[in-house]
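Protein sequence lines correspond, in order, to chains A and B.
First residue of the first sequence? That's 198 in this note's numbering, and the numbers climb one at a time after it.
First residue of the second sequence? That's 82 in this note's numbering, and the numbers climb one at a time after it.
What the hints contain is simulated information worked out from the structure, not anything from laboratory work.
Just so you know, these numbers come straight off a predicted model, no measurement behind them.
Check the hints yourself; a few may be wrong.
In silico DSS-like cross-links for lysine-lysine, where the CA-CA straight-line distance does not exceed 30 Å [said to hold, decoys possible]:
1) Lys432(A) <-> Lys286(B)
2) Lys234(B) <-> Lys204(A)
3) Lys303(B) <-> Lys432(A)
4) Lys237(A) <-> Lys293(B)
5) Lys303(B) <-> Lys124(B)
6) Lys352(B) <-> Lys496(B)
7) Lys432(A) <-> Lys412(A)
8) Lys102(B) <-> Lys237(A)
9) Lys352(B) <-> Lys155(B)
10) Lys99(B) <-> Lys352(B)
11) Lys99(B) <-> Lys293(B)
12) Lys368(A) <-> Lys267(A)
13) Lys234(B) <-> Lys155(B)
14) Lys333(B) <-> Lys188(B)
15) Lys365(B) <-> Lys339(B)
16) Lys237(A) <-> Lys412(A)
17) Lys286(B) <-> Lys333(B)
18) Lys432(A) <-> Lys293(B)
19) Lys195(B) <-> Lys102(B)
20) Lys124(B) <-> Lys352(B)
21) Lys412(A) <-> Lys368(A)
22) Lys267(A) <-> Lys303(B)
23) Lys234(B) <-> Lys267(A)
24) Lys335(B) <-> Lys352(B)
25) Lys303(B) <-> Lys237(A)
26) Lys99(B) <-> Lys237(A)
27) Lys286(B) <-> Lys237(A)
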Amino acid sequence: MQTNIGKSIRINDILDSKSFLLDTTIASCLGATPQLEDLKSVLQTSVRIFDGIILNPGQMEHLALEVAGKNRAAPLIRVDWTNAYRDQDFCLPVQQVQRVEISSAEDVMILGGSAAVATLLMGFGDEFEAENIRSISRLLRDAYELSLPVFVDIRPIGSGVSTFNFEDVIKLGVSFMMEAGADALIIPDGAQETLKLIANWATVPVIIRSERLLKQDEAMAIFELGVKGILFNEKILEDPKGLIPSLKTMESVLPK
Amino acid sequence: MYSSPGKTARLNRLFNPKDGKAVCVAADHGWMSDPTENVIQLKRILEQVVAGGADGVLMSFGTALRLGYLFQGKDKPAILIRADWMNLPRLGGANVSNVLPVIKFRKMATSRAKDALQMGASAITIYYFIGYSDEFEAINIEQAAIFAQECRKVGLPLIIEPMAVGGMVTGVNIAEILIASARIAVEIGADALKIPYTGDVMTFKQLVDQAKVPVLVLGGAKSDVPRDALELVDEALRAGASGTVFGRNVTKAKDPKKMVEDLVALVHGFKTIDEIFEPQRDKKIRLRAVSQNCVGCLICETVCTQWHHQIFGTARARLWIESKPVEQMPPLNKVHICTLCEACIRACEPGALSLTDRGIIQLNKQLCTHCGACAEACPSEVIWFDEENYPVICDLCGGNPQCARWCKYDAIVIK
Numbered sequence: 198m199q200t201n202i203g204k205s206i207r208i209n210d211i212l213d214s215k216s217f218l219l220d221t222t223i224a225s226c227l228g229a230t231p232q233l234e235d236l237k238s239v240l241q242t243s244v245r246i247f248d249g250i251i252l253n254p255g256q257m258e259h260l261a262l263e264v265a266g267k268n269r270a271a272p273l274i275r276v277d278w279t280n281a282y283r284d285q286d287f288c289l290p291v292q293q294v295q296r297v298e299i300s301s302a303e304d305v306m307i308l309g310g311s312a313a314v315a316t317l318l319m320g321f322g323d324e325f326e327a328e329n330i331r332s333i334s335r336l337l338r339d340a341y342e343l344s345l346p347v348f349v350d351i352r353p354i355g356s357g358v359s360t361f362n363f364e365d366v367i368k369l370g371v372s373f374m375m376e377a378g379a380d381a382l383i384i385p386d387g388a389q390e391t392l393k394l395i396a397n398w399a400t401v402p403v404i405i406r407s408e409r410l411l412k413q414d415e416a417m418a419i420f421e422l423g424v425k426g427i428l429f430n431e432k433i434l435e436d437p438k439g440l441i442p443s444l445k446t447m448e449s450v451l452p453k
Numbered sequence: 082m083y084s085s086p087g088k089t090a091r092l093n094r095l096f097n098p099k100d101g102k103a104v105c106v107a108a109d110h111g112w113m114s115d116p117t118e119n120v121i122q123l124k125r126i127l128e129q130v131v132a133g134g135a136d137g138v139l140m141s142f143g144t145a146l147r148l149g150y151l152f153q154g155k156d157k158p159a160i161l162i163r164a165d166w167m168n169l170p171r172l173g174g175a176n177v178s179n180v181l182p183v184i185k186f187r188k189m190a191t192s193r194a195k196d197a198l199q200m201g202a203s204a205i206t207i208y209y210f211i212g213y214s215d216e217f218e219a220i221n222i223e224q225a226a227i228f229a230q231e232c233r234k235v236g237l238p239l240i241i242e243p244m245a246v247g248g249m250v251t252g253v254n255i256a257e258i259l260i261a262s263a264r265i266a267v268e269i270g271a272d273a274l275k276i277p278y279t280g281d282v283m284t285f286k287q288l289v290d291q292a293k294v295p296v297l298v299l300g301g302a303k304s305d306v307p308r309d310a311l312e313l314v315d316e317a318l319r320a321g322a323s324g325t326v327f328g329r330n331v332t333k334a335k336d337p338k339k340m341v342e343d344l345v346a347l348v349h350g351f352k353t354i355d356e357i358f359e360p361q362r363d364k365k366i367r368l369r370a371v372s373q374n375c376v377g378c379l380i381c382e383t384v385c386t387q388w389h390h391q392i393f394g395t396a397r398a399r400l401w402i403e404s405k406p407v408e409q410m411p412p413l414n415k416v417h418i419c420t421l422c423e424a425c426i427r428a429c430e431p432g433a434l435s436l437t438d439r440g441i442i443q444l445n446k447q448l449c450t451h452c453g454a455c456a457e458a459c460p461s462e463v464i465w466f467d468e469e470n471y472p473v474i475c476d477l478c479g480g481n482p483q484c485a486r487w488c489k490y491d492a493i494v495i496k
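Isolated chain A, as found in the complex (with noise of 0.2 Å):
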């Protein structure tokens, strides 16, 4: 239970017990994909339709007007920018893997956040990993003082990860992010019985990054393990067809 009132507060405004979430943040990474090019339509389209949605500060700062206002997704403000997501396709292919923080627990207070989202990068070294959880501790500490909660999206993508230790490596960051103190954790989807176990061990909100639309049935299977929500990506935004009715199935299962 959060016995900060200003971070619970600010936690209920973006979770319900069944919740949907969009990540619109690759961009400070890749530059815009096809479905960012126009984040402001985006924005309009989903701000009523997700509970929350993640922004990069520079996005929120412009367009802050697009989401401001009761019953529409809360924003969530990304602290921190990684070329890590850059592949072989990339125009500039990553050859060192680096992160950075691109804002501050004080900095999304003043754009209005309802939570900072931090990235912590698996798999990629020991020195990195180090630096990774100094930069997320810092992070908790001083978001403490703001009552800003911080969910911590876990991402075990580096060469160190394989099929073999894919779960472990996700319960690690877990543990890792329990014990340093987030408020809530995004993690990738995983086996079944390890999504289990994380949300009955996790004493924070637990919630799913999926890399598709669900069908209404996997969703609701989703949220009887104990998950708080679904986070989706910007590959969701394929279809401009596709999302709103899919969006809309989705949302018919959930008691608001």
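We have chain A; now place chain B onto it with these hints.
The following block gives chain B in isolation, referenced to the frame of chain A:
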């Protein structure tokens, strides 16, 4: 729409609220390159820039301290402060002296948002270097983010200048890198961009469309021909740019006031390029490449070879098309033609090359020493050497350029 009244007010001081456009002049070269004439005579030049009606002037903190008084008054340009320093121009290869050559690329933050506000500035400008290394890019992102946070606190607009430099940048990927870097800068917190031209209207439009903040195209190194510099701005404006930040093309111009006036006329829509240059127009002809129209059919190279050498093929053409691989999107072919920039004539020490009264480059074989300086100097890389090692240079087909005549896509046109 901005959520910060401070930023809105200050951006409106820079961008004319009537048309949302701005003409800015960069006068920060003494801070990073070398004390050439435009740096030493900066006060005189800035007086002319102000008289020319610029909307903003980019300068370092020290220059703003010394010459800030020039910008007092309702109709005076807004002050933009360059808040960082870098040594790129001294890495060699640029058109500056290398008094103290440097080996490693460095960039430092040198002013804070509050310092700029104290100077009465309407924005700060910082670099974002991409393409040098992943680590250097990350440092740039981190610095930009710190500036963005400071600027948010005090309501000062942040202009980020993405620059694609380094070994990872090639002619093939530069447009794609600039487009991505523009949006990355906006995601970090840029309120406007100062950015190089991608080379053609199509890709620059893509950049502008994806940025969703005002985009100011920069001029880069000084063009030998003012019309070339203004044509770059004209193309950028057609792609949706909100104006320009011209540095050396203004501060090193023979008449900086006239150059600013021309830019103001073009950017704010008072005149077209043809109207601006009408009085100076002569009867000589010149070619202009419109790369975005080129489909890569190579008719131009074929007719050039045929016209001059009476053989079918493309190998002996006096122009060439640089093709991007088909799988690259967007597909783009770059047209390399002689623009009569006269760089070859200037590079020819024995004086073997000259310009005729009809505006055609001619070679005096008796004076040619086969040194190759002309080919090295040619920015378009269109000069090659024949079997006797004499340079082969575009002669505009004696005044009837066949490439322009045969190109049905208007990728090569006569000015």
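Cross-check of the supplied hints:
For a cut-off of 30 Å, the pair hint linking Lys432(A) to Lys286(B) stands: about 24 Å separates their Cα positions. For the hint pairing Lys234(B) with Lys204(A), the CA-to-CA distance comes to about 22 Å; that is within 30 Å, so the pair holds. With a C-alpha separation of about 44 Å, the suggested pair Lys303(B) and Lys432(A) falls outside the 30 Å cut-off, and the hint is violated. Straight-line distance between C-alpha atoms of Lys237(A) and Lys293(B) comes to about 9 Å, which keeps the hinted pair within the 30 Å bound.
Our distance criterion of 30 Å between C-alpha atoms is met by Lys303(B) and Lys124(B), whose separation comes to about 19 Å. Of the supplied pair hints, the one linking Lys352(B) and Lys496(B) holds, its CA atoms being roughly 17 Å apart against a limit of 30 Å. The straight-line distance between the Cα atoms of Lys432(A) and Lys412(A) is roughly 15 Å, inside the 30 Å bound, and the hint therefore holds. As the CA atoms of Lys102(B) and Lys237(A) are separated by approximately 22 Å, the hinted pair is consistent with the 30 Å bound.
Under the criterion of a C-alpha separation no larger than 30 Å, the hint pairing Lys352(B) with Lys155(B) is consistent with the structure, at around 24 Å. About 16 Å separates the Cα atoms of Lys99(B) and Lys352(B), which keeps this hinted pair within 30 Å; it holds. The suggested pairing of Lys99(B) with Lys293(B) holds, with an alpha-carbon distance near 19 Å, which does not exceed 30 Å. Among the hinted pairs, Lys368(A) with Lys267(A) is inconsistent with the structure: their alpha-carbon atoms are about 36 Å apart, more than 30 Å.
Under the criterion of a C-alpha separation no larger than 30 Å, the hint pairing Lys234(B) with Lys155(B) is consistent with the structure, at around 26 Å. At most 30 Å may separate the alpha-carbon atoms for a hinted pair to count; Lys333(B) and Lys188(B) meet this at roughly 25 Å. Note on Lys365(B) and Lys339(B): the hinted pairing holds, with a Cα-Cα distance of about 23 Å set against a maximum of 30 Å. Of the supplied pair hints, the one linking Lys237(A) and Lys412(A) holds, its CA atoms being roughly 27 Å apart against a limit of 30 Å.
The straight-line distance between the Cα atoms of Lys286(B) and Lys333(B) is roughly 29 Å, inside the 30 Å bound, and the hint therefore holds. The straight-line distance between the Cα atoms of Lys432(A) and Lys293(B) is roughly 21 Å, inside the 30 Å bound, and the hint therefore holds. With a C-alpha separation of about 26 Å, the suggested pair Lys195(B) and Lys102(B) falls inside the 30 Å cut-off, and the hint holds. A threshold of 30 Å between alpha carbons decides the hint, and for Lys124(B) with Lys352(B) the separation of about 28 Å falls inside it, so the pair holds.
Only pairs whose Cα atoms come within 30 Å are accepted, and Lys412(A) paired with Lys368(A) is accepted, the gap being roughly 26 Å. For the suggested pair Lys267(A) and Lys303(B), the alpha carbons sit about 53 Å apart, so the restraint of at most 30 Å is broken. For the hint linking Lys234(B) to Lys267(A), the alpha-carbon distance of about 25 Å falls within 30 Å, and the restraint holds. Taking the CA atoms of Lys335(B) and Lys352(B), the gap is near 21 Å; set against the 30 Å cutoff, the hint holds.
For the suggested pair Lys303(B) and Lys237(A), the alpha carbons sit about 38 Å apart, so the restraint of at most 30 Å is broken. Restraint check for Lys99(B) and Lys237(A): satisfied, since their Cα atoms lie roughly 24 Å apart, inside the 30 Å limit. Only pairs whose Cα atoms come within 30 Å are accepted, and Lys286(B) paired with Lys237(A) is accepted, the gap being roughly 18 Å.
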